[in-house]
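Residue numbers (the working numbering), protein chains in the order written: chain A, 12 to 266; chain B, 413 to 804; chain C, 11 to 365.
To be clear, the hints were calculated from the coordinates, so they are not data collected in a lab.
Careful, some of the hints might be misleading.
Claimed, not checked - Footprint (simulated), chain A over chain C, 3 or more residues, beta carbon under 8 Å: (1) 256-268; (2) 304-312.
Stated by the list, open to error - So these bits of chain C aren't anywhere near chain A, every CB distance computed over 10 Å: (3) Val-39; (4) Val-83; (5) Ala-201.
Claimed, not checked - Every beta carbon over 10 Å from chain C, so not counted as near; a handful from chain B, in silico: (6) Val-445; (7) Tyr-447; (8) Glu-455; (9) Arg-457; (10) Gly-470; (11) Arg-471; (12) Ile-493; (13) Leu-497; (14) Glu-533; (15) Glu-548; (16) Glu-556; (17) Leu-576; (18) Ala-599; (19) Leu-605; (20) Glu-694; (21) Ser-790.
For clarity, every value in this text was computed on a predicted model and none was experimentally measured.
Positions of the beta carbon are idealized from the N, C-alpha and C atoms, including for glycine.
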Amino acid sequence: MDTSVIKALCIDTGYRHGFRSTKRISECLSANLFTGEVVGLIGPNGCGKSTLLRSLCGLQPILKGALYVGEKEIAHMSPIQLARKISVVLTGRVHAGHLKAETLVSLGRYPHTKLSGGLSSRDREVVDRVFSAVGAEALQYRTVDELSDGELQKVMVARALAQEPRIMLLDEPTAFLDVTRKVELMELLRNISRTQGTAVVVSSHDLDLLMRISDRLWLMDEKGALHKGEPRDAEFARLIRSVFHIPAHYSSSIS
Amino acid sequence: MKSHLPSIWIKTIGISLLLLWAGSGQYLSALSVQYAEGFSIEERRGYTLLHIHLPVSGREVSSTYVVVPRDSEKSISEKQIRETLSLDSTGPKVQFIKTPVKKLIPLSTTFLPPLELLDVEHVVSGIDKLDLIYSEKLRTTVVEQNIPQVGNGPSLDVEKVVHLKPVVVMANYTQGEWNVIPKLKKASIPVILNGDYLESDPLGRAEWIKFIGLLCGRAAEAEKQFNDIAEDYTYLKEKVASALSRDAVPPKVVMNRPMNGRWVVPGGKGYMAQFIKDAGGEYLWAQDSHSRSLVLDVEEVFLKALRADFWLHQYGRTSLEDLAGEDQRLGKLKAFQEGNVVNNDARMNEAGSNDFYESGPYRPDVILADLISLFHPSLLPAHSLYYYRYLQ
Amino acid sequence: MRRAVVVRFALLLLVTLFLFALDVFKGSVAIPLDRIFEILTVPLEGLQKSGELATAYSGERDIILLFRLPRAVTSLLAGMGLALSGLFMQTLFRNPLAGPSVLGINAGANLGVALVILIWGGAAGGFVAALPFGMKALVTAASVLGAGGVLVVILLVSRFIGSVTLLLLVGLMFGYLANSLVTLLIHFSAASRVQSYLQWTFGTFGATTWDDIHIMLPVVLAAVVLGMFLIKSLNALLLGEEYARSMGVAVMRIRMTVITAGALLAGVVTAFCGPVTFVGVAVPHIARGVFRTADHRIVVPATLLLGGAIALIADIVSHLPGQGGILPLNSVTALLGVPVVVWVLMRNRAGRSYI
Numbered sequence: 012m013d014t015s016v017i018k019a020l021c022i023d024t025g026y027r028h029g030f031r032s033t034k035r036i037s038e039c040l041s042a043n044l045f046t047g048e049v050v051g052l053i054g055p056n057g058c059g060k061s062t063l064l065r066s067l068c069g070l071q072p073i074l075k076g077a078l079y080v081g082e083k084e085i086a087h088m089s090p091i092q093l094a095r096k097i098s099v100v101l102t103g104r105v106h107a108g109h110l111k112a113e114t115l116v117s118l119g120r121y122p123h124t125k126l127s128g129g130l131s132s133r134d135r136e137v138v139d140r141v142f143s144a145v146g147a148e149a150l151q152y153r154t155v156d157e158l159s160d161g162e163l164q165k166v167m168v169a170r171a172l173a174q175e176p177r178i179m180l181l182d183e184p185t186a187f188l189d190v191t192r193k194v195e196l197m198e199l200l201r202n203i204s205r206t207q208g209t210a211v212v213v214s215s216h217d218l219d220l221l222m223r224i225s226d227r228l229w230l231m232d233e234k235g236a237l238h239k240g241e242p243r244d245a246e247f248a249r250l251i252r253s254v255f256h257i258p259a260h261y262s263s264s265i266s
Numbered sequence: 413m414k415s416h417l418p419s420i421w422i423k424t425i426g427i428s429l430l431l432l433w434a435g436s437g438q439y440l441s442a443l444s445v446q447y448a449e450g451f452s453i454e455e456r457r458g459y460t461l462l463h464i465h466l467p468v469s470g471r472e473v474s475s476t477y478v479v480v481p482r483d484s485e486k487s488i489s490e491k492q493i494r495e496t497l498s499l500d501s502t503g504p505k506v507q508f509i510k511t512p513v514k515k516l517i518p519l520s521t522t523f524l525p526p527l528e529l530l531d532v533e534h535v536v537s538g539i540d541k542l543d544l545i546y547s548e549k550l551r552t553t554v555v556e557q558n559i560p561q562v563g564n565g566p567s568l569d570v571e572k573v574v575h576l577k578p579v580v581v582m583a584n585y586t587q588g589e590w591n592v593i594p595k596l597k598k599a600s601i602p603v604i605l606n607g608d609y610l611e612s613d614p615l616g617r618a619e620w621i622k623f624i625g626l627l628c629g630r631a632a633e634a635e636k637q638f639n640d641i642a643e644d645y646t647y648l649k650e651k652v653a654s655a656l657s658r659d660a661v662p663p664k665v666v667m668n669r670p671m672n673g674r675w676v677v678p679g680g681k682g683y684m685a686q687f688i689k690d691a692g693g694e695y696l697w698a699q700d701s702h703s704r705s706l707v708l709d710v711e712e713v714f715l716k717a718l719r720a721d722f723w724l725h726q727y728g729r730t731s732l733e734d735l736a737g738e739d740q741r742l743g744k745l746k747a748f749q750e751g752n753v754v755n756n757d758a759r760m761n762e763a764g765s766n767d768f769y770e771s772g773p774y775r776p777d778v779i780l781a782d783l784i785s786l787f788h789p790s791l792l793p794a795h796s797l798y799y800y801r802y803l804q
Numbered sequence: 011m012r013r014a015v016v017v018r019f020a021l022l023l024l025v026t027l028f029l030f031a032l033d034v035f036k037g038s039v040a041i042p043l044d045r046i047f048e049i050l051t052v053p054l055e056g057l058q059k060s061g062e063l064a065t066a067y068s069g070e071r072d073i074i075l076l077f078r079l080p081r082a083v084t085s086l087l088a089g090m091g092l093a094l095s096g097l098f099m100q101t102l103f104r105n106p107l108a109g110p111s112v113l114g115i116n117a118g119a120n121l122g123v124a125l126v127i128l129i130w131g132g133a134a135g136g137f138v139a140a141l142p143f144g145m146k147a148l149v150t151a152a153s154v155l156g157a158g159g160v161l162v163v164i165l166l167v168s169r170f171i172g173s174v175t176l177l178l179l180v181g182l183m184f185g186y187l188a189n190s191l192v193t194l195l196i197h198f199s200a201a202s203r204v205q206s207y208l209q210w211t212f213g214t215f216g217a218t219t220w221d222d223i224h225i226m227l228p229v230v231l232a233a234v235v236l237g238m239f240l241i242k243s244l245n246a247l248l249l250g251e252e253y254a255r256s257m258g259v260a261v262m263r264i265r266m267t268v269i270t271a272g273a274l275l276a277g278v279v280t281a282f283c284g285p286v287t288f289v290g291v292a293v294p295h296i297a298r299g300v301f302r303t304a305d306h307r308i309v310v311p312a313t314l315l316l317g318g319a320i321a322l323i324a325d326i327v328s329h330l331p332g333q334g335g336i337l338p339l340n341s342v343t344a345l346l347g348v349p350v351v352v353w354v355l356m357r358n359r360a361g362r363s364y365i
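Could you put together the complete structure from these sequences and hints?
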C-alpha cells in the first residue's frame, strides 16, 4: 500500500472571526493522500475547495480534528518543516513584475537555503532542473511582466517544484489559461507526479481535463461534504452529475 | 448795519477765545510724537486725526481715526468733519472714535500697562485670557469684577464681544487666521489698531502711551509720564556714552539660543539691538541692517558667540546646568564659563506670562538700567536687577 | 551580471564618502581646506598657536568637530535609517507608496512634540515663546513616546488583523487622527509657539550633538543588522504573505519584526531630526531602479547607501553659504529628490511596477 502523505481525520474547515464567531465551511472531512498520485478536486463554486486546500497546507488553521503530514501533526510542524513537504500554486496572477523568472523560481528554495538567502550550487542546479522539468528553459532570464499567463503559470509551478516537495497543492491553476495551455499544464502535473513521485492535488473547473489526468477524484458538494471516487466509475459519474446539476442527456466524458 | 459790527467783532473774539481755551483742555492737546514711527497725531479744530502706519511684512498698513471729544463745549458734528475732510459716506479706512473711550477690550497684554499707568483701567471691559496677564492688580480686578475673557485670534468669541456693546476693541495687526478685524467688522464693532510692538526704538515703543492717553482722555498725563521716562532714559544713555568716551570697554553681547539647528538673533536695527547699544554693549550683529530677527545657521552664530562676554539668553526658564545638559557645546561659550548668562524672566509667573513683555515696553528706562548694571556695573552701583536675572 | 553590480556598489560607496567629506568641508562658515585637515588630523595638544590665532583656531575647531562632523554623521544615519524603514514598509505592505510614516508612527511623534511645544508651560506670554527648561530633551522624549505609543497599538492590532492591507489602512487612519489633533492644537496656540512648532516640522540634521548620536547610532545600527537577517524573508514576501507562508516564512513573527524595526528607525530619526519626509518613500525606488532588481540581497545595502547619500546631498544644499540662513530640509529633499525618482521610474519603462 502506498504511504499516505496527508491524512485528514474528521477535520472541520472554516474561518474564525475574532474570538467568538466562526464560519464553518466543511464538517468532519476525512481523506488520505498517497504518494505519487494525482487527485482532482472538483465541486461547484463556493463549496469550500479553496478552503480545503488552504487547510491542508497550513495556510489556514483547521477548526477541529487532526491533520497529519507524513507522521507528524501539522500543528506541531514549523513553517519551514512544512514547506519542505508541501508547496502550493494559488489562483490568480502574481504581482511581481520586476522579478526575473529565475529569481522567482529560486525563491522556492527558501526552506533549503542558508540564513543569508544565498544560493548554493545545489540550489542553482535545482533551479535549472525545474525549469527544464516544466519546459520553460527559454523563459529563465525573462522578467515576469514579459510572460504570458500560461508562461507565468509554468514558472509558478517550477517555483513550487523548486521546494522539492513531496506534495503539491494547486488551486485552480488553469483558470486564466487558454485551451492549449490548460492541457499543457495538466499534462505537466501528471508527468511530475509520475517521474518524481510527488503527490498532487489540483482543483479545477475543467472536468474533462481533470478526469483525464487524475488517479482519483475528490468531489465536494454544496454542503462542503467530500465524496471520493475514481474517474471511470459510473456510479461516481452519476454523483458528479447530480452535484453539478448536469442533465442526464448532456453528453461529455462523464458517462 | 453799522451799529451791529462791534458786537459781531466781540462775539467773534469771544468765540475764538473760547475755542482757544477749549483747545488747551484735555481733549485737544498739543501731543507730538517724536520717537514712535507707527503713529502720528494731527490736531484740527474740534477733532484730532490719529494716523497709524505700520510696517507689516514689507507692506505698510495705514489707518486713520478721527478722534472726537465726547462732551466738549464746541463739538463738531460728524457730517461737518466729513465735509472738511472731503470724504463721502463710504470713506476709506477712516473711523470715528469718541473720546474718552468708555469701554475698551485690549486684546494684547501690552496694552494693559499704559492703562494702569494712566489710571484708566476701569475702561477695560474684556480681555483675551486671564492667564496671559502678569500684573497682580489687573488680575485681581478681572476676577473681582468678573470681566469676561473673550479670547483672541481664531478663538475670539465674537458673540461675547457683541454682548458688551458699545465697546471698542484694540488689537494688533495680523494676517491670516489671527486677523480678528474682519470678524469684528462684520459685527459692527469698532477696532483700533495698535502697533506698539513693531517699534524698534525703545522710546518709540514707550511713546505709545500717548496713543492710549489720547483715546482715554489722559493725553496730558501721558505726555508728562512719557517725558519723565524719556528724560531718565536719555540721562542714562548719556552717562554710558561719556563712560565709553573715557575708555570704558563695551562688552560683546550675544542673544537667544540655538533651536533645531538654527539660531535666531535680533536684527541689528531691532529693539533689543538698540537697547544693547544704548547700554554700552557691543551687539555682535550691530552691523546688520534689519529690524526683524535673523534666522542663522547655529555654526555661524556659535563662532561669534564664543567670544561674547555676555549672553542674553531670553528664552524661558532654565539653569546653567540644564543648558549644558541639553547641549554641551554651549558650555564652551566664554559668557557661560564666566557665569555671565542672563535671562529676562525675573518677573515671570507660574502660568508663563513675562512682565518683560508686559510692562517692559513702557519702562525702557528700567530695562536700560538693568542692562547698564550688567555691562558697566560701576556706573549704577545702587541698581538691582528688575527684569533680568543671572542664570545659576 | 555580477560585475555590473559590484561596480555600481563601489561607485555608490565612493560617492557617499565623497558627499560625507563635502558635508564636512562646506557650511555657512567658510573654513579653508588645509585648516580642516589640520583639525581632523592633529590633536589639540600638539599645536603651537598663540593669542588671536589660538582663539580663532579653537573656534573653527569647535565648528568642525562639534557641529559639522555630528551633522554629517547624523545625515548619514538618518538617511540610512529612513530609507531602510521605507523599504521595510514597501515590501511588507506590497505598496510602492508606503514609507516610514505609513503606520502613523510619524504622526504619533508629531503629536507628542506638538503637545510639548504648543501646550506645555501654560499660556504663552509675550512675543517670544516662554519655553521651559530642558526643552530639547522634552521634545525628543515626546517624539519617542508618541511614536512608541502608536507602535504598540499597531502591533496589538496587527496580531488580530489578518490582512496586511487592513493594517495599512488602520495605520493611515491613526495618522489622520494624530494630524488632525495637531491642527487643533495649532488652532488654539499663540502665534509664537506655532512658529516654534513650524520650525520643528522643517526637519534638520543639524540639531544633534555627539551625546545624541550616542543614542542614534546604536539604534540605527541594530535595525540595519536586523534588516540583514530579514533579507531572506523579505524576498519571500515579494510574492505575498500566503506564498511566503507556504515557503516557510513565519509570517506573523516577521511582520512584527519588520514593523518594529521600521517604526524604531522612523521614531529615532524623527526624535532627533524632526519629521524628514520623502527620503523613506523615494530611496527604495531609486535603489531598485539603479540596480534593476527587487532582490533584497542587493536592494537592502543599496538602499542604505543611497539613503545616506541623498540625505547628505540635502544637508549640503540646505547649508550652502550665502543664503542668510538655512533652507528647510524637507523642501530641499523633495526639490532634489522628485526629479531623480521620476527619471528613474521613466528610465525603467512606464507600467513596470516594482512591488
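Hints versus structure:
Counting residues of the region 256-268 of chain C whose beta carbon lies closer than 8 Å to any beta carbon of chain A gives 6, which meets the minimum of three for the stated coverage. With a threshold of 8 Å between beta carbons, the proposed coverage of the region 304-312 of chain C by chain A holds, since 4 of its residues qualify and at least three are required. The beta carbon of C/Val-39 sits about 45 Å from the closest Cβ of chain A, which is more than 10 Å, so the claim that it is off the interface holds. The Cβ of C/Val-83 lies farther than 10 Å from every Cβ of chain A, with a closest approach of about 28 Å, so its non-interface assignment holds.
The beta carbon of C/Ala-201 sits about 48 Å from the closest Cβ of chain A, which is more than 10 Å, so the claim that it is off the interface holds. Every Cβ of chain C is farther than 10 Å from the Cβ of B/Val-445; the closest lies at roughly 23 Å, confirming the non-interface assignment. Every CB of chain C is more than 10 Å from the CB of B/Tyr-447 (nearest about 20 Å), matching its label as outside the interface. At roughly 33 Å from the closest C-beta of chain C, the C-beta of B/Glu-455 stays outside 10 Å, upholding its exclusion from the interface.
Consistency note on B/Arg-457: stated as away from chain C, and its beta-carbon is indeed over 10 Å from all of that chain's, at 39 Å minimum. At the 10 Å boundary, the C-beta of B/Gly-470 stays outside the reach of chain C, the nearest C-beta of that chain being 15 Å off. Even its closest Cβ contact with chain C, about 18 Å, leaves B/Arg-471 beyond 10 Å, as expected for a residue assigned away from the interface. Listed as a non-interface residue, B/Ile-493 keeps its Cβ farther than 10 Å from every Cβ of chain C; the least gap is roughly 36 Å.
Every C-beta of chain C lies more than 10 Å from that of B/Leu-497, the closest at about 35 Å, which supports listing it as non-interface. Consistency note on B/Glu-533: stated as away from chain C, and its beta-carbon is indeed over 10 Å from all of that chain's, at 19 Å minimum. Consistency note on B/Glu-548: stated as away from chain C, and its beta-carbon is indeed over 10 Å from all of that chain's, at 14 Å minimum. Remark: the non-interface label on B/Glu-556 is consistent with the geometry, its nearest Cβ contact in chain C lying 20 Å away (cut-off 10 Å).
Consistency note on B/Leu-576: stated as away from chain C, and its beta-carbon is indeed over 10 Å from all of that chain's, at 22 Å minimum. Every Cβ of chain C is farther than 10 Å from the Cβ of B/Ala-599; the closest lies at roughly 21 Å, confirming the non-interface assignment. Taking the minimum C-beta to C-beta distance to chain C, about 16 Å, the non-interface status of B/Leu-605 holds against the 10 Å cut. Listed as a non-interface residue, B/Glu-694 keeps its Cβ farther than 10 Å from every Cβ of chain C; the least gap is roughly 16 Å.
Once the 10 Å rule is applied to beta carbons, B/Ser-790 is consistent with being away from chain C; the minimum gap is 27 Å.
Going through the hint list in order, the structure satisfies each hint without exception.
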